[in-house]
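Residue numbers (our numbering), protein chains in the order written: chain A, 1 to 124; chain B, 1 to 124.
No lab work stands behind these hints, which were simulated from the structure alone.
Each residue gets a CB set at the ideal place from its N, CA and C atoms; glycine is no exception.
Hints may be right or wrong, so weigh each one.
As the list claims (entries may be wrong) - Label-pair restraints from in silico Cβ distances:
| no. | chain 1 | residue 1 | chain 2 | residue 2 | range |
| --- | --- | --- | --- | --- | --- |
| 1 | B | E122 | A | I3 | 27 to 37 Å |
| 2 | A | E10 | B | F64 | 40 to 50 Å |
| 3 | A | E95 | B | K113 | 40 to 50 Å |
| 4 | B | K104 | A | W43 | 26 to 36 Å |
Unchecked claim - So, partial list: chain B residues that the calculated Cβ filter (under 7 Å) puts toward chain A:
| no. | residue |
| --- | --- |
| 5 | N7 |
| 6 | L8 |
| 7 | E10 |
| 8 | N28 |
| 9 | H44 |
| 10 | M52 |
| 11 | T69 |
| 12 | T70 |
| 13 | P74 |
| 14 | I79 |
Unchecked claim - Okay, derived cross-link-like pairs now, SDA-like style, lysine to any residue, Cα gap no bigger than 25 Å in a straight line:
| no. | chain 1 | residue 1 | chain 2 | residue 2 |
| --- | --- | --- | --- | --- |
| 15 | B | K11 | A | T70 |
| 16 | A | K38 | A | E122 |
| 17 | A | K73 | B | L8 |
| 18 | B | K38 | A | N5 |
| 19 | B | K82 | A | T70 |
| 20 | A | K104 | B | K38 |
| 21 | A | K82 | B | K38 |
| 22 | B | K92 | B | T117 |
| 23 | B | K82 | B | N2 |
There are 2 protein chains.
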Amino acid sequence: MNISNFNLEEKFAKIHEYWHPYIVGELNENYVKLAKLKGELVWHSHEEEDEMFVVVSGTLMMDFRDGKTTQTKPGEILIVPKKVEHRPWTNKGEEVRVMLIEPKSTKHTGEVKVAQTVEVLEWI
Amino acid sequence: MNISNFNLEEKFAKIHEYWHPYIVGELNENYVKLAKLKGELVWHSHEEEDEMFVVVSGTLMMDFRDGKTTQTKPGEILIVPKKVEHRPWTNKGEEVRVMLIEPKSTKHTGEVKVAQTVEVLEWI
């Protein structure tokens with residue numbers, strides 16, 4: 001593994017789909033991923049993996065099954081523990097950019113498969 | 001573990017020392033830490049742990065033993081692989097704020113003990 005020093009905006013410029021995470025780094029057994037979000041994703045959970053969202057632009061909305069919804073803005077962090085069902089979405093028409101840190105084993109829609117599910121993640 | 005949603009500026013406001021990392025989150029076997037940096041730290045490496053630096057403000061300077069120095073600015077990420085000796089420093093008088101993501105086992109000055117070494121990390 002090499003020393004890695006990269007700029008988030010340059011990486012985001014390579015992403016042209018929503019809800020499609022790309023790998024930009026690795027550390028230990030985790031990947032660092034970037035994704036652009038618009039609209040909503042399916043309800044899902046990760047059996048074994050906690051998931052960290054670092055919001056780079058926009059407001060990340062996250063629904064939970066207890067009826068609560070969190071808002072996470074640039075400069076804020078959301079950590080969703082393993083097994084906790086969640087549904088990310090964005091306010092109407094808003095593009096949200098996030099950095100994700102999570103174990104390499106994490107599937108972005110958990111065990112649920114939908115049109116947005118990406119089976120094999122690529123590096124950018 | 002609970003859902004965690006927090007603001008970096010509010011956490012940084014609680015930090016009054018340089019080179020003293022505080023824990024603000026955990027995911028899987030990693031801690032998320034914040035630190036304010038000014039001046040320089042000792043050369044060190046981490047035998048088993050890759051280390052990720054997310055620069056929040058200022059420019060993080062990092063020396064490596066091959067003579068190279070990286071500069072990492074806000075919106076940029078530096079990942080230092082395990083076993084790679086490194087020395088973080090800041091430009092004269094500049095305070096740099098970083099978020100670190102690294103395994104819980106990571107000691108911030110590696111196996112080197114100096115005045116800045118913090119033995120027991122605290123949550124803020």
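Okay, the hints, checked on the actual structure:
In this structure the supplied range 27 to 37 Å holds for B/E122 paired with A/I3, their Cβ-Cβ distance being about 29 Å. Judged by the Cβ atoms, the range 40 to 50 Å given for A/E10 and B/F64 is violated: they are separated by roughly 22 Å. Checked against the given bound of 40 to 50 Å, the beta carbons of A/E95 and B/K113, roughly 47 Å apart, stay inside it. Checked against the given bound of 26 to 36 Å, the beta carbons of B/K104 and A/W43, roughly 30 Å apart, stay inside it.
Checking B/N7 against chain A by beta carbon gives a least distance of about 5 Å; that is within 7 Å, so the hint holds. The beta carbon of B/L8 is positioned within 7 Å of a beta carbon in chain A (closest approach about 5 Å), and the interface hint is therefore held. Hint status for B/E10 relative to chain A: violated, with the closest Cβ pair at about 9 Å, above 7 Å. A cut of 7 Å between beta carbons decides the hint on B/N28: the least distance to chain A is about 5 Å, and the hint holds.
The restraint placing B/H44 at the interface with chain A is violated, with a minimum CB-CB distance near 15 Å, outside the 7 Å limit. With its C-beta approaching chain A no nearer than about 5 Å, B/M52 sits inside the 7 Å limit, and its interface hint holds. Checking B/T69 against chain A: minimum C-beta separation of about 11 Å lies over 7 Å; hint violated. Interface restraint check for B/T70: the shortest CB-CB distance to chain A comes to about 5 Å, inside 7 Å, so the restraint holds.
A hinted interface residue such as B/P74 counts as satisfied when its beta carbon comes closer than 7 Å to some beta carbon of chain A; here the least separation is about 9 Å, so the hint is violated. At its closest, the beta carbon of B/I79 sits 4 Å from a beta carbon of chain A; the interface hint therefore holds under the 7 Å criterion. For the given pair, B/K11 sits about 18 Å from A/T70 by alpha-carbon distance, which is consistent with the 25 Å threshold. Taking the CA atoms of A/K38 and A/E122, the gap is near 20 Å; set against the 25 Å cutoff, the hint holds.
Between A/K73 and B/L8, the direct Cα distance comes to roughly 10 Å. Compliance with the 25 Å bound is thereby established for this hinted pair. Between B/K38 and A/N5 the alpha-carbon distance is near 20 Å, which keeps this suggested pair within the 25 Å criterion. Taking the CA atoms of B/K82 and A/T70, the gap is near 35 Å; set against the 25 Å cutoff, the hint is violated. Under the criterion of a C-alpha separation no larger than 25 Å, the hint pairing A/K104 with B/K38 is inconsistent with the structure, at around 34 Å.
Of the pairs offered as hints, the one joining A/K82 and B/K38 is violated, with about 36 Å between alpha carbons and a cut-off of 25 Å exceeded. Between B/K92 and B/T117, the direct Cα distance comes to roughly 22 Å. Compliance with the 25 Å bound is thereby established for this hinted pair. Between B/K82 and B/N2, the direct Cα distance comes to roughly 30 Å. Violation of the 25 Å bound is thereby established for this hinted pair.
The structure fails to meet hints 2, 7, 9, 11, 13, 19, 20, 21 and 23 from the earlier list, while all remaining hints are met.
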